[in-house]
Amino acid sequence: MPLNIAGREFSSRLLLGTGKFPSGESMARALEASGAQIVTVALRRADLSGAKDPFANILEFIDPAKYLLLPNTSGANTAEEAVRLARLAAAAGLPKWVKLEIHPDPRYLLPDPIETLKATEILVGEGFTVLPYINADPVLAKRLQQVGAATVMPLGAPIGSNRGLETRAQIRIIVEQATVPVVVDAGIGAPSHAAEAIELGADAVLVNTAIAVAGDPVRMARAFRQTVEAAAEAVSAGLPMQAETAIPTSPLTAFLRES
Amino acid sequence: MGFSTRIDSIIATPPAELAAFRRMLDPCSDAALEEMACRSAALTRSHFGRTMRLFAPLYLSNECVNSCAYCGFSRENEAILRVTLEIEQVAAEARHLSEEGFRNILLVAGEHPKFVSGEYLKRCIERLHREIPSLSLEVAPMETADYLPLVAAGAEGLVVYQETYDREAYQELHLAGPKKDFDWRLDTPERAHEAGFRRIGIGVLFGLSDWRREATALAAHLFHLQRVCWTSQLTVSMPRLRPAAGEFQPRFPFGDRDFTQLLCALRITFPQVGIVLSTREPATLRDALAPLGVTMMSAGSHTEPGGYTGQGSDQLHHTVKGKKVESSCSGLSATEQFAISDDRTPGEIAAMLSSRGLEPVWKDWDSAILGNDEGKMKKEKREKTPPKPTAC
Chain A
1 MPLNIAGREF
11 SSRLLLGTGK
21 FPSGESMARA
31 LEASGAQIVT
41 VALRRADLSG
51 AKDPFANILE
61 FIDPAKYLLL
71 PNTSGANTAE
81 EAVRLARLAA
91 AAGLPKWVKL
101 EIHPDPRYLL
111 PDPIETLKAT
121 EILVGEGFTV
131 LPYINADPVL
141 AKRLQQVGAA
151 TVMPLGAPIG
161 SNRGLETRAQ
171 IRIIVEQATV
181 PVVVDAGIGA
191 PSHAAEAIEL
201 GADAVLVNTA
211 IAVAGDPVRM
221 ARAFRQTVEA
231 AAEAVSAGLP
241 MQAETAIPTS
251 PLTAFLRES
Chain B
1 MGFSTRIDSI
11 IATPPAELAA
21 FRRMLDPCSD
31 AALEEMACRS
41 AALTRSHFGR
51 TMRLFAPLYL
61 SNECVNSCAY
71 CGFSRENEAI
81 LRVTLEIEQV
91 AAEARHLSEE
101 GFRNILLVAG
111 EHPKFVSGEY
121 LKRCIERLHR
131 EIPSLSLEVA
141 PMETADYLPL
151 VAAGAEGLVV
161 YQETYDREAY
171 QELHLAGPKK
181 DFDWRLDTPE
191 RAHEAGFRRI
201 GIGVLFGLSD
211 WRREATALAA
221 HLFHLQRVCW
231 TSQLTVSMPR
241 LRPAAGEFQP
251 RFPFGDRDFT
261 QLLCALRITF
271 PQVGIVLSTR
281 EPATLRDALA
291 PLGVTMMSAG
301 SHTEPGGYTG
311 QGSDQLHHTV
321 KGKKVESSCS
331 GLSATEQFAI
341 SDDRTPGEIA
351 AMLSSRGLEP
361 VWKDWDSAIL
371 GNDEGKMKKE
381 KREKTPPKPT
391 AC
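Going down the list, the protein sequences come from chains A and B. Going by my numbering, the first residue of the first sequence is number 1, and it counts up by one from there. Going by my numbering, the first residue of the second sequence is number 1, and it counts up by one from there.
In isolation and in its complexed conformation, chain A is listed as follows (with noise of 0.2 Å):
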């Protein structure tokens, strides 16, 4: 079954950061061999002015007729600081949709849970199609949920630390209690982590570190889409349920049915 986001419909359960790559170039093509539909640009990166500024083109190396282009409100600090941005972006002819980022650490780029749900449930009023990134909260997540956020975005691990799912067990809650798509975001530092969590019930991940300063970009955008897909399939074929204890292979109580 097709990853559904708001009613539109991916094959692909693998979404790009283009953040971080060694030139626009290697980007496009790590695009390419990802298989990604999915696209997201930080909007502070870009030209929004409409002026196509040489020094700021990083949309024009990705093809809107082939990639969703989902902007990211990344360098925002509040929910009103994030809605302006979105606001912009839209007017600037960019999709209506908007992977919401409001991480006033700059450090460990950690969300605002407080700002990130004031600027769903605005920018959710306003028509935009919200998918916002969050620690991995489950009461958050339920809370984004009841005010309109077209996805949740709980992270693994903190954004470009490559260390997988340190949050498993919150996602876990997460996933079970989700009714809209569960995209991991931030940590996967390498293609097991991503299948992890798509084997955990995620519906799709989203990778860019990873794939943007490896050694070979496009190789390890291949690598990530061959994965995903395989864990994809293995959740659809039915992975079998994990136990704490072995199953023995002569049932314990097979004497109650002995006569």
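Treat the hints with caution; some may be incorrect.
Unchecked claim - Quick look at which bits of chain A chain B covers, simulated, 3 or more residues with Cβ under 8 Å: (1) 16-24; (2) 79-85; (3) 101-115; (4) 159-171; (5) 205-218.
Since the hints were made in silico from the structure, they are not lab data. Every residue, glycine too, gets a C-beta built ideally from N, C-alpha and C.
We have chain A already, so just place chain B on it with the hints.
Leaving out everything else, chain B in the frame of chain A:
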């Protein structure tokens, strides 16, 4: 509680994290330094990616009321040619930098309340911020309340170097003027954070005191600011003394190997802090250090007002005891603060970075985030809208 009240006790009894940093500065083998460099490079890539933020300084004025033994702008240097650019001259310099690609400009000025007032700085920012998305200031320290209008006008960052954390050396080198107040300067980053600056830069001018002692205090300052100024992106610089008017000579050595070791130690200890490398350093060293831990570089810099386009060259004068003295110096330019070493053009620097697998990032901030444009546009609209007639 400001850092000025804590620095002495922290240095006297360093916490474990600071002691670990200090150990990284001990003399070490080539192999150990190589290992540090590998860790530093990997951490930088992980946190900042394969990118390098580029910026340029724009000097507004070289007037100064301070007497600092090492600085070309020192008031004692009466022979130097001085000027304070008018707002439109500043705009012309900024336009030149913008055409070269810069979307991130550092406005620099000497300390002189008569020539470089808060109001003057505010007007500079208001004039530039629509064309230049990211504006930072490196000017005389101010009170929090005086910073507020500058932030509201669109200033994003503030840079203030302590110069030296060695109190004794500080008193010897800062002979007169408001800069003599060590503690006032030391608490400037906290006042800047309180006022809402998003980026705060600190640094040491290496060569004024023992480098390991300076670096340890610098790290202590960073640890403190990380806790207190938690919503500001911190950057750190480690400029080394360069030739300047006054002919001051470095008192303490700080060679390339020391410089590299410190750069790596800072990166390993502070993986998320921006590290700045200016054109004070020679091209070969900058090229070698670019992938090791640096995240911000200046390019094609001039350290004199009007240096990019010759603005203000017909208003040059000397300043003697606070008063302008006419000078017959047509055809010359204002005196620089210090001589730069890497004189390659911004385009050449960008090409060098690309050849090393690093993307030169010219723009990574949008003035819309702070909403100054929106506020300004609303204000202008209000001003243009004729007042409604009031009912009699």
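Right, here's what the structure says about each hint:
no.	hint	verdict
1	16-24	holds (count 6)
2	79-85	holds (count 4)
3	101-115	holds (count 5)
4	159-171	holds (count 3)
5	205-218	holds (count 3)
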